[in-house]
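Given next are the chains, with one letter for each unit.
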Amino acid sequence: MPTQKTIAATGNTLVAEAIRQCSPDVIPAYPITPQTTVVEELAKFVANGRMHAEYVNVESEHSAMSAAVGASAAGARVATATSSQGLALMWEELHIAAGMRLPIVMFNANRALSAPINIHCDHGDVMGARDTGWIILFAETAQEAYDNTIMSFRIAEHPDVLLPVMTTADGFITTHSIDRAQIMDDETVAAFVGDYEPENALLDFAKPVTHGSFAGLGGPYFEFKKSQRMAIERSRDVVKSVGAEWSAITGRPFDVVETWGMEDAETAIVVIGSTAGNARHVARGLRAQGQKVGVVKVRCFRPFPYAELAAALKGVKAVAVMDRSESFGAEGGPLFLEVRSALYDLDNRIPVVDYIYGLGGADVKIEYIDRVFSDLSDIASGTAAPSGLVYLGAR
Amino acid sequence: MTWDISKIDEWKSDEFPRGAVIPDSGNSRDYVTGGWRSQRPCRDDAKCTQCLFCWIYCPDSAVNVADEKVTDFNLNHCKGCGVCAQVCPADAITMVPEGCELPEVG
Numbered sequence: 001m002p003t004q005k006t007i008a009a010t011g012n013t014l015v016a017e018a019i020r021q022c023s024p025d026v027i028p029a030y031p032i033t034p035q036t037t038v039v040e041e042l043a044k045f046v047a048n049g050r051m052h053a054e055y056v057n058v059e060s061e062h063s064a065m066s067a068a069v070g071a072s073a074a075g076a077r078v079a080t081a082t083s084s085q086g087l088a089l090m091w092e093e094l095h096i097a098a099g100m101r102l103p104i105v106m107f108n109a110n111r112a113l114s115a116p117i118n119i120h121c122d123h124g125d126v127m128g129a130r131d132t133g134w135i136i137l138f139a140e141t142a143q144e145a146y147d148n149t150i151m152s153f154r155i156a157e158h159p160d161v162l163l164p165v166m167t168t169a170d171g172f173i174t175t176h177s178i179d180r181a182q183i184m185d186d187e188t189v190a191a192f193v194g195d196y197e198p199e200n201a202l203l204d205f206a207k208p209v210t211h212g213s214f215a216g217l218g219g220p221y222f223e224f225k226k227s228q229r230m231a232i233e234r235s236r237d238v239v240k241s242v243g244a245e246w247s248a249i250t251g252r253p254f255d256v257v258e259t260w261g262m263e264d265a266e267t268a269i270v271v272i273g274s275t276a277g278n279a280r281h282v283a284r285g286l287r288a289q290g291q292k293v294g295v296v297k298v299r300c301f302r303p304f305p306y307a308e309l310a311a312a313l314k315g316v317k318a319v320a321v322m323d324r325s326e327s328f329g330a331e332g333g334p335l336f337l338e339v340r341s342a343l344y345d346l347d348n349r350i351p352v353v354d355y356i357y358g359l360g361g362a363d364v365k366i367e368y369i370d371r372v373f374s375d376l377s378d379i380a381s382g383t384a385a386p387s388g389l390v391y392l393g394a395r
Numbered sequence: 001m002t003w004d005i006s007k008i009d010e011w012k013s014d015e016f017p018r019g020a021v022i023p024d025s026g027n028s029r030d031y032v033t034g035g036w037r038s039q040r041p042c043r044d045d046a047k048c049t050q051c052l053f054c055w056i057y058c059p060d061s062a063v064n065v066a067d068e069k070v071t072d073f074n075l076n077h078c079k080g081c082g083v084c085a086q087v088c089p090a091d092a093i094t095m096v097p098e099g100c101e102l103p104e105v106g
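Here the protein sequences come in this chain order: A and Z. FYI, our numbering numbers position 263 of the first sequence as 263, with every residue one higher than the one before it. FYI, our numbering numbers position 24 of the second sequence as 24, with every residue one higher than the one before it.
Derived DSBU-like pairs (lysine-lysine); straight-line CA-CA distance at most 35 Å: (1) A/240 - A/317; (2) A/226 - Z/79; (3) A/225 - Z/79; (4) Z/7 - A/225; (5) A/207 - Z/12; (6) Z/12 - A/225; (7) A/207 - A/225; (8) A/226 - Z/12.
Source of the hints: derived by calculation from the structure; they are not laboratory data.
Bound-form chain Z, shown alone (with noise of 0.2 Å):
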């Protein structure tokens, strides 16, 4: 069984999988959660040490790393809450208002 959300508006009561069970796994990542911050994290790679301590204790696991180093933020996923900014020892982390434009999500 395939789910083809692409046409989700036209499907009448009956078409809709039974008990909104999703046939497929791990697509909560395809949910984009991100839409309602308020601020968006800000780093500064010429301050930031890479001691990933934003990655440790971001609630939402939104910050991106490779090859164990911070490259950007999951803004998908990102809430603003802050906390990254917070516990950042070098100070690399500022929080900036989004103001009235919100982020391409999708």
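Next up, chain A with everything else stripped away, as it sits in the complex (with noise of 0.2 Å):
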């Protein structure tokens, strides 16, 4: 019988809670902020004895990915943490990770990119490791964190799948809060999540296999490209049933595209992570006043969700994207690309405007949402032509 009990934590303690219901079976870890309460709190649970992992000390994020790369093809269940710099630091092997097919999980608090120096939150971590072919979720609270870091071991090690998975929260915003959550009995999350069984471990002596092999110079490395691709498309239906199963158990509602006001919205925000509660604060407001507003919110990314948010976002007059990230040089940030790119397929061509907000944590204030809201309303009522790129708030 599933037993939830309402607890205040922060967004990290309810990662590290998740990660320790999971049981993994190596943590190679280093610490950064604002991830290091995870790894610290995992630490703790190891050396308390609360859960029998193999904790590894490492020197860098380079070594603790290089280390989760090496105990997954062993035949592990391996978590790990990060952020930021330390996220960038292991560009080398998320690459790998994925290639290899394994399924690590890597729970990542979202964080600005130096330079100028900056610990605050932001998207451009994970938006810069977004082509690196893991399955990428994103939080609004800490109870989503949660709830995604569960469902990220059942995703990855799903024998459709076979993918890493990144879950993330904003940092500090949602790793640092004391927010209201529930958790799951460990029984019920044991029995959720499973045991995994790798099929080709490098420690199975009864059966050698050889892991990283070189298939350049002529060798079917372009169909190896292109088997990973079809995994991630699977993934599109694993990430969708374990959410649906997940939420069966927990009452707490799960999908790739979350809409709040979209039956009959005219304007709509698209969203990821914290800021989605700013945006239905406002537009409940809004709503009050009569006007018909809506906001979406983009809980996976990788793969990215584009036939639900055009079906989602089907109706409206126009759209806008709220982009905690860039890509210097193009036409907006990483979700307005996605956003615009699958709009692009209906009939008719809705509006879309992109907006560049709270980089290195800048405040993300009320006004500057109903500002947006009263563009996409005069952009709707004809009154004014879309704008380009706008640094929301920006002096």
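Each of the two chains sits in its own frame; use the hints to bring them together as a complex.
Printed below as a string of structure tokens:
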């Protein structure tokens, strides 16, 4: 019988709790703000005998992900956590983990990248990893960070998928704020996640295998990449079905795209992560004044839910995308590029405007989101033309 | 699971072993890396004292030894670097240009 209890905890505490409940065999970890308290908690769990993982203190994130790749190839369930410069330092191993089809689960505390030096929230680190082949989940709240992390193990290890999963939450805003959340009992989580049975474990001496082989010089590298694409395409259904299963146990909704007010919305904001709450708050106020506004939150960024997004937005007159990261020199931020591409196949052409906001933890004020809805209202009514890229609130 | 590579050119993308895993071990021996050699070592048995320096120094383990004596070179893996000739105290190894004809390998 699933038993949940409501606690007050930070996002990081809840993520660490989720990882403990999923019982990874190996945790190669290196601390970095604002993720540090996750690996500190995990180290404490191991030291106190509350989990039986091999905790490896490595000398850098490059080594953390290298050790994760090695341990996963050896046949272990592996989890780690990182942020910002740490994730950037893992760059080459991120591709290797995905290419070797290793179901590693990693939490990322979303944080800006240098320069200038900054430790606060934006999505620049994760978006830099969007083409590495990892499945990428975003959380709005500490609760979602907990749920996404538990689901990540099931998604990663699913036989149709076998890809690494990055489960993320906004640095400080979600990782360090104390939030109310429900946690599930250990037995229910253990039963939900199940045991990991690796197919090609290096440590299975009865069945020797070679990992990390060469496929160049006319070899089948191209075909391996195609098979990787096929796997992440298959993960679309797996993310949804695992989410639905966890949702049935917890009573909390999950979808790759979550909508608010979209049944009859004329304008909408598309947003990722913690700012979704601010957007809904503003939208609720505008609804009370009779304005038909809606909010679309993307919870799974890779694979990108383009069909679901197009379905959610097809009836609106104007869309604003809120990007908490840059893609310098592109027409807009990473989310904007995806959203506008997702809408291309619709019969009607919907104006889409991109708002870059909150880089390096810059405040996301209510009046900023008010302004976005006000701009959208002008575009929808034809009194204003869609603007180009807007740096929301920048001087 | 066996991995019969004789049909590799006919495989579809979803038929390759997942993650480029080879369900077998010790197969780097089968991988011929000597094809780009421009010179090969040539050993004079009359000068050779069987000190085994070449065997110790060879960075590719391409010096074949039987009963503690050098027999020949593994030309499937020798890159022609010339370290063996350089370290040979008896000057028993000379490097000979490969010319246009590459050695039979495989």
